[in-house]
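Start from chain A and add chains B, C and D according to the hints.
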Amino acid sequence: MSGRGSVVGVVRRFWSARESGIVVALVLLVLVTTVDSPNFLSPQSVRDLLLGAAILVVLAVGQTVVVISRNIDLSVGSVLGLVAFATGKLLSSAPATPTAVAVLLGVGLGAVCGVVNGVLVAAARVPALVITLGTLYAFRGVDHSWARGEQINASDMPRSFLGLGTWTVLGVPVLAIIALTVVLAVGFYLRNYRSGRELYAIGSEPAAARLSGIPVGRRVFTSFVVCGASAGLAGVLYAARFGTVDATAGTGIELQVVAAAVVGGVAIFGGSGSAYGAALGALLLTTIGSSLAVLRINPFWQQAVVGGLILAAIGLDRLLAVRAANRLRGRSSHDA
Amino acid sequence: MSQHQRTVRVGLIAVLALLVTAACGGTTRGSGDSPTSNRATGSANPDAALVEGLDVAFLPKQVNNPYFTVADGGGKAATEEFKGSYKEVGPSEASASSQVSYINTLSQQQTDVIVTSANDPNAICGALTSARQAGAKVVTFDSDTKPECRDVFVNQATAEGIAKNQVELISAQIGGAGKIAILSATPNATNQNAWIELMREELRKPEHAGIEIVTVAYGNDDDQKSFQETQGLLRSYPDLKGIVSPTTVGVAAAARYLSTSEYKGKVALTGLGTPNQMREFVKDGTVEAFALWNPADLGYLAAYAGAALASGRITGAAGEEFEAGKLGEYTIGADGVVVLGPPTVFDQGNIDQFDF
Amino acid sequence: MDRERAAPLLEVRGVSKSFGAVAAVREVSFPLYGGEAHALVGENGAGKSTIVKVLAGVHEPDTGAVLVDGQELGSAGPAAAQAAGIAVIYQEPTLFPDLSVAENIFMGRQPLGRFGRIDRAAMKADAVRLFDRLGVRIDPERPARGLSIADQQLVEIAKALSSDARVLVMDEPTAALSGVEVERLFAVVRALCGQGAAVLFISHRFDEVFSLCQRVTVMRDGGLVSTDPVADLTVDQVVRRMVGRDVSTLFPKEEVEPGDVVLEVRGLTSRGVFADIGFSVRAGEIVALAGLVGAGRSEVVRAVFGIDRYDAGEVRVAGERLPVGSPAAAVASGVALVPEDRRQQGLVMELSIERNATLTRLKPLSRLGFLGGRAERRAAREWARRLQVKYGRLSDVVGTLSGGNQQKVVLAKWLATGPRVLIVDEPTRGIDVGTKAEVHRLLSRLAADGVAVLMVSSELPEVLGMADRVLVMHEGRITASLSRAEATEESVMFAATGQVAV
Amino acid sequence: MTRDALRAVSTRWDTVLLVVLAAVVVTAGLLVDGFASGRNLQFLLLDVVAIALIALPLTLIVITGEIDLSVASTLGLCSAVMGQLWVAGLSLELVVVLVVGLGAVLGAVNAVFVTRFALPSLAVTIGTLAAYRGLAFVVLGDQAVADFPFSWTTAASSTVADGSVPWAAVVTLVPAVVFGVVLHATPFGRSLYAMGNNAEAAAFSGIRVARAKFWLFVASGAVSGLAGVYWTLRFASARADNAAGLELAVVAAVLLGGVSIFGGRGTLLGVLAGVLLLGAVRNALQLADVAADTLDVVTGGLLIASVVVPNAVGLARTRWRRRRTA
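Residue numbers (numbering that gives the first Met the number 0), protein chains in the order written: chain A, 0 to 335; chain B, 0 to 355; chain C, 0 to 501; chain D, 0 to 325.
Quick list of the computed label-pair ranges, beta carbon to beta carbon:
(1) 323/C x 315/A: 24 to 30 angstroms
(2) 297/A x 265/C: 53 to 59 angstroms
(3) 297/A x 293/D: 37 to 43 angstroms
(4) 323/C x 30/A: 43 to 49 angstroms
(5) 328/B x 98/A: 50 to 56 angstroms
(6) 82/B x 18/D: 44 to 50 angstroms
Straight-line Cα separation of at most 20 angstroms, SDA-like style, residue types lysine to any residue; simulated pairs:
(7) 389/C x 428/C
(8) 75/B x 295/B
(9) 145/B x 151/D
(10) 362/C x 209/D
What the hints contain is simulated information worked out from the structure, not anything from laboratory work. For each residue, glycine too, the CB sits at the ideal point set by N, CA and C.
Isolated chain A (complex conformation) (with noise of 0.2 angstroms):
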């Protein structure tokens, strides 16, 4: 890592890693809109592009594990929904507990409903599109029928929690470090250990992924596990940013955890993407939603732009793996 020559490969490998795409729209986003309203980087502005992409970027990067190998979490939206809950009932009944236990415990009930996917897809071998497209309708009812309206509010709960929403550290908000350690840890794992290659191999190609001796049904129950502990934790941040949690939480937000990760670069079909990519791609749509505002764009258009977004960033990537190919083709015969 010394030398002129290893930071010349850094370059060169930023700029053909699909990351560098998100960083340069991202930071193309940013000038436009800085130019027409300079304060957007303000320290609380920038704070507060953090705080609102933390929850999206821990349910994207819980996404992505599961992405990778070939499957997908359609009920990250109802776990999401039913930790917050979960949690503000745990705080507003007994104040006392500390907020560590409270995380812990809101990570743990979304394990669980990650358990119940994990076993359906994997032990049933069963379509996990299916079978998550079912199990969003049935955790949001659960949800439903546990809250029965009941709405959390700020004031039922303690304070020393809801801190873990505003508190920052030098400035940083605390959600943000939450959120940038999960990907940290899962993007160091997927790319350094076995288990997390493994999770490649089977959503590169199943069948030889089986015939290779990876316990394919063990990876996938446990991705699916990971993803409903950080649509889990999502939840419990989403409870102490918010202050105020209904049977409703997080209605919806699986197409945007989904796009997040596409943006991402995370091949729908799995096999690649990193969750780097996809804490980028979160933290792009947030922040064109931010920028809209700011901009003062008509928000009728702000669904739009993500969708032709979604679009550009699957057109590109495919456009990139044609390039690739023809390069290959190209020296292959030279080989030859």
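For chains B, C and D alone, coordinates are given in the frame of chain A:
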């Protein structure tokens, strides 16, 4: 290849032919027919006793929505008072089409009184009309439908009243002059749009000449979106003096954002919110005062209006009067509208007296 | 000879395995000794692949067991087999296209650094070392996607080597390799045997079996026929045991007077793949397209048929020019292609025999644009009979048939269209000797009936035995056009390796 | 192996569904007050017409191994445009033609991305799901157009002679039969199964895979546009958020109907039975005053059961067979 071209050509010709036939003559906007109005028929008997054992069904915009849970709770209390049987049904997502399905079900169940809040003033009209033809009395509350589709609308406050109240609140908080922004719910929320329009009108009056609405932002009644929109407003209008958010989700989200930001105490915030959600922010000084009607009373009044209709005491015609339990006497206004009363303003002094 | 008394490294003992009502393998037993290469031969459908999958732990035997060092193999699937030191190279490569070559080799066995992290540098170095051993140069960091079939097969072999397996099972590893690569592979296998490993080698190429292996096991119809030292047998004996009868002439070429030019290709070019390809095929003629794997032969016929687009040139059938990239148009003008990859391209494995056999003729079989089902059934039965397909019911899924019978279904679906031009790409790859002869007879008869046949084949005897004319490709160009008289093993190989200028 | 067993069971899945549907209808008729009445039948059918319509082309699309999640957004955008065109003073007949045409164009956009650029339809239509809904809001904003002629809006829920079967349901039968015949009794339909199982082999058989998929997406768009017209007239309200989220209900019905999400398997009859089953269950539970949250749990449970049960039965069957032969 040639076959492909032929297919395309045949298709084009077919489409053209259709267009030509369609364009020559046909139904245009001016030539449309209109439904026969079925306004209040029959005559009222002001002395009739309230019938016992009425089936009263509350159909909110969305079940498990805290606001409607409280409002329907009021309806339940009222129904118990006049010894009817109460139930609450409704979709878990706020959509007009699911409401139609529930109205049909209620009509099928021979319900005596349907009390509903419309997700769309037009979409549920047909279903309500056929429910009424099947014998049900229909009361709308909170959000009205077209007047010809229901018997009575129980309005939480007149739109003018709310607009006036909101303008007065913000005016007092920003010292009568400055730029303000509005943080609304969804772009097509009927109530909010009506109120915003009337607020603009109110601001044209000379005493509010110093106040200017710079923009309307939409938080979609979603916490995250409302947060973002609040941030956006403060970013794009550094000299903003105040925000009005006439929706409970929006005002709570905006308050929560302000309370932890550098703008706390510098930018005024008011709107329509529930005391439970807002208590913390009133106490920490983020919000000086805000308003809301009592949703429980709203449901309570709607239930009584329904009972009066079903008992034949009123028919929904203007000028008729009816007794609404603890709330006392109400008179039906033009278009079959009953107004609950002026909104309550909550501030440090009184907020602890309320729990909803 | 003292090995006879030594305990075998691995023993297949009384293994039976059924799928549904079909017994794929019945009571098969044979030993594998350390230091020996052991050939497993038999016709397609004889049960070799099932044995491979049992050894790999993919299938659990219904009865019997696999013993390694006298220990029964656990039932934990492929992982248990790997733990016992068994490595398998499958007939079809099983790589992860999105992952790097190095990761493909070491998946699940990556060298670890501190805290259980994968040591990428070590992994890359190990991969380079393996490729050096095999004498090939493949960039370990490039993704597996886009590798040629031969390179994929080499990665598979590297994968098996990397696991330091004591038992190496190779299911037709040489099918896609060039002669040089085969020699290198054999050197590695011999070295492994020298280190005491046992190798199970499955191949249809008897020259390879006889040059590499010390012992041969013959299977027929799911049962064991014999296990003997190779030295005690001749090719003829082995073939007789495989088919259970004498094989009639393998290349029953009929002499035909060629008619008019039916297929004409001019200046066909696809950048980076092949360039300036021109030839013609007459009615009644069989033209072979020979060359090494990777020379671009399959790519040419794919372009001719319209699967792939091309950048320049033209294809004419009976004078009419075919549009670029439209197989439907090619079919309409009487071209048929029996593709290289039967399972992936030739058949829809999940559909029934009947549906597959009639897939190319849906329009002609429909009445007033509607399909009733009866016409399809009749047509399928008729063609299954003509090609002597062995099947249970026509509604059975085609995947349940043996490889040879599957190939017959592919032929049936194309012959039913009554083609003027029949293109066959490796028509007998992975097919047993008996069926091979049947296919050759069929091609010969079709040519006699006036069909123009274009045949891509890597098997020189097949090329020399069947073709009226041989076109040889090298690196995307046609380097020689040889008449039947001119074509010899030498002349074809010279052109295929680019040593002859045109 | 499980796949084979799965197939054996699933070939009869539509029959199973019809039996379950009949059982639900009979049980509900006996136990739930007001279920077995003409009026209720009318309500039930009116509720499922839009889902049934959209499910028709979607069935074919899913059989080819693709998916179209943008259907509800297409419906919404078509509804919004219908409102604007009506306000602009065009005749309603012309508006209907234009709106269905618009739907076809929106479908063609999906088709171009999927067939020309070879992008996964799941990702593409998640993108257009957001984009079309966004455009709907851009077109109509927060407005609602409601002044459609009364004769048209009542026609949308009017009934055939005896008063219990809505015309809309009868009219839906026409495309249902068309799609059914196309899928099950034409060369085109047969080829859809082949390409759903193995697109490469289908292409090698001379089947125009891309073209078939292209037209299916166009059909899906056009039918969604038609459903948009129906929706707008039935609720007498053109709004940008019409039918938001309906895509999940449609996909649920198609999957419940026995169509494999991986393609290559399913029948139109099964899908129609699935649509009716979901509708009947919800209707009966609503009449029985079961809360909305329980309805969601039941819907989710049915969906999961529709894939888990055939799988489990298949596994049990192979196991049983193996034990018998062993």
